[in-house]
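K.L.:
One letter stands for each residue in the lines below.
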Amino acid sequence: MSAAPAVPAASRVGRGLLGLWLVLPVVPLLLWAFADRWSFPALLPQEWGVRGLTEAAASGAGAALLRSTLLGAVVAVLATPLGAMAGRALASRQVPGSTAVLAVLMSPLVLPPFAVALGLDVLLLRLRVPAVLGVVVLLVVAALPYTTITMRAAYAAHDRGFEEEARLLGASRWRTVRSVQLPLLAPALAGAAFLAFLVGWSDYVVTLLIGGGRLTTLPLVLASAASATGNDSQVAVLSLTSVLPPVALLAVVTLLGRRGRR
Amino acid sequence: MSARRHADRRARGTALVAGLLALTGCSAPASEPTTATARDWEDVLAEAEGQTVRLWMYGGDDKGNAYVDDVLAPAAAELGVTLERVPIADTGDAVNRVLSERQADVTDGEVDLVWLNGENFATGQQAGAWLCGWTSMLPSMEYVDPDDPLVSTDFGLDVAGCEAPWHKAQFALVYDEARVEDPPGSVEELLAWIEEHPGRFTYPAPPDFTGSVFVRQVLYAVSGGVGEVPLEFSAEAYDELAPELFDRLAELEPALWREGSSYPQELGELDQLYADGQVDFTMTYGPATLPDLVAEGTFPATTRVLLVEDGTIGNASFLAVPATSGSQAGAMVVADLALSPEQQFQKARPEVWGQYTVLDPQRLPGEFRERFAGLPQSEVVPPYEELSDGADPEVDAGWVTALDEGWRRQIAAG
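If you read the protein sequences in the order shown, they are chains A and B. All residue numbers for the first sequence refer to UniProt numbering, where the first residue is 1 and numbers rise by one. All residue numbers for the second sequence refer to UniProt numbering, where the first residue is 1 and numbers rise by one.
To be clear, the hints were calculated from the coordinates, so they are not data collected in a lab. Think of the CB as a built atom: it goes at the ideal place given N, C-alpha and C, for glycine as much as any other residue. All clues stand as given, with none of them false.
Derived contacts from chain A toward chain B, CB cut-off under 10 Å, selection only:
#, residue
1, Leu123
2, Leu125
3, Val221
4, Asn231
For each label pair, taking beta carbons as the anchor points, the in silico distance ranges come out as:
#, chain 1, residue 1, chain 2, residue 2, range
5, B, Pro139, A, Val27, 54 to 60 Å
6, B, Asp360, A, Gln46, 40 to 46 Å
7, A, Val27, B, Arg349, 35 to 41 Å
8, B, Ala412, A, Val101, 46 to 52 Å
9, A, Arg258, B, Glu253, 57 to 63 Å
10, A, Leu22, B, Gly133, 56 to 62 Å
11, A, Gln94, B, Gly50, 56 to 62 Å
12, A, Gln46, B, Glu181, 25 to 31 Å
Isolated chain A (complex conformation) (with noise of 0.2 Å):
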């Protein structure tokens, strides 16, 4: 952001609060990620150490990193298309009973999710549905509330003159989408897409359930690495594992949005 001097002191302070109230719950996990011994009342680690990278490690933490990642990007690449088509179609009005479709796609929503695998776990199961495709048809299905509501509001905003501009210039409709569409909403795509990687990469009970223990995901691990006590600097990193790479796409996500409103 280009410190523009027209931005007030008072807005600065503000931005200034909401970083410390975000990055401020992550400092004790980076005490703890390195703590071999840290004992109360002592405000610091009494040791520091690399304990609780090498046990997260050992927990397979390394697998199961590659796991969530792929399981998200799969999420992602899935939800992101499903849902730019349900957002465009709602946004053009051309939808009998909206309303009503719109409902059902956000019914993920307000539905809590372990009543929800616990329920289609046994129907997946007599249909012998492999377990890893359960949990990306099921996950998928979670996303696209994320995906159609950003992608209904993109396209509503979006102004569908440049694409039959592009027409009457002549160009295909592929290429109108590839050099008119897509360009003009990347951003919100980006968005989608990057929400759409948040619900496979975090979830847990849907990859536990449905997944039958074939999928051991960082959530998992995580998971159970957490109901023990003593384990406090392998969570931590764990913990850090699981936040900084959404931190860093949220980053890039939001580098590509401010590329695209130039």
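Following the hints, complete the assembly by docking chain B onto the known chain A.
P.N.:
Just chain B, lined up with the frame of chain A:
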């Protein structure tokens, strides 16, 4: 501080889920247990060759994870069985998975072996989720005393050949010799000690696994001994015995740490209070980990286990094979391997995991009897025989739930 927990904790939620499953109206599967056909062990070994066994176990215990990955799995590989560990936060998750698979008539499920006991075993048993009648086939069972109540029943429920013993646990009260000059000799004396030394004792709030055991230990004491408590739960027995227990605990409250206005939410917090010298006692269901905690300086060097004349509660944990498993032969081979003297000895070594064996020393070959006897002795923890002298059995899972709930209503809210 190293992780020290038990597979048997965190059973809550399973029963609720089982109830939910019933409510969803899915046709209830036959609740009769599936019984394994008796056959030659050579047969089982031959079928197991090349199978993959997925062992679902509580993943919060680093030493336990390392034991399975580095000791048990390589030994299983030598028998041609691939052992995969599935870490879970709550053993109930495995039971839920098995119940779902059973409803869907799956015959090649994802769970081949579960480390469990107590409520989780009972819930699965109710739904006929476990394979039964197979433990008698295991060659290693010859080293297990069939009359040992700790391994023939699981929280009051007959094991009935539906799970193979894995290791034993013994509840122990732990104190700092340097700070407690007159260690009490019984649970009653401990209660008196607490009142004479206000603020120096507390216990984790049930349903924390260890706090819950402590409450049961007090129940035995105020009821006049374990003999006075019917192990099978009934509302009448509860109404008769529980008021005295909760009256006593309420009476005790002002003498606890922070006058009982707050309790440690889990054992780890109590351990921390003890390590920091804020209280003089802690407690554990896995005393074999104590020497390590002392050695690494987490606990003071003067930490000792309190031996009480009424004996403390002991239990065993087990390995169960789901009826839905497609690798049952492989699972049995792993369960047998885990029960073999060599594996039980490795698991008992404090540097490996430090879990008490379920084998009867009298039945072991002489060589192993010596090896077990040669396990490092510690000043901190007396040997298992002494520790488990006059061990009390666990009450059944119904008691556990009722007492935890009663504690919440009368002590936490009172």
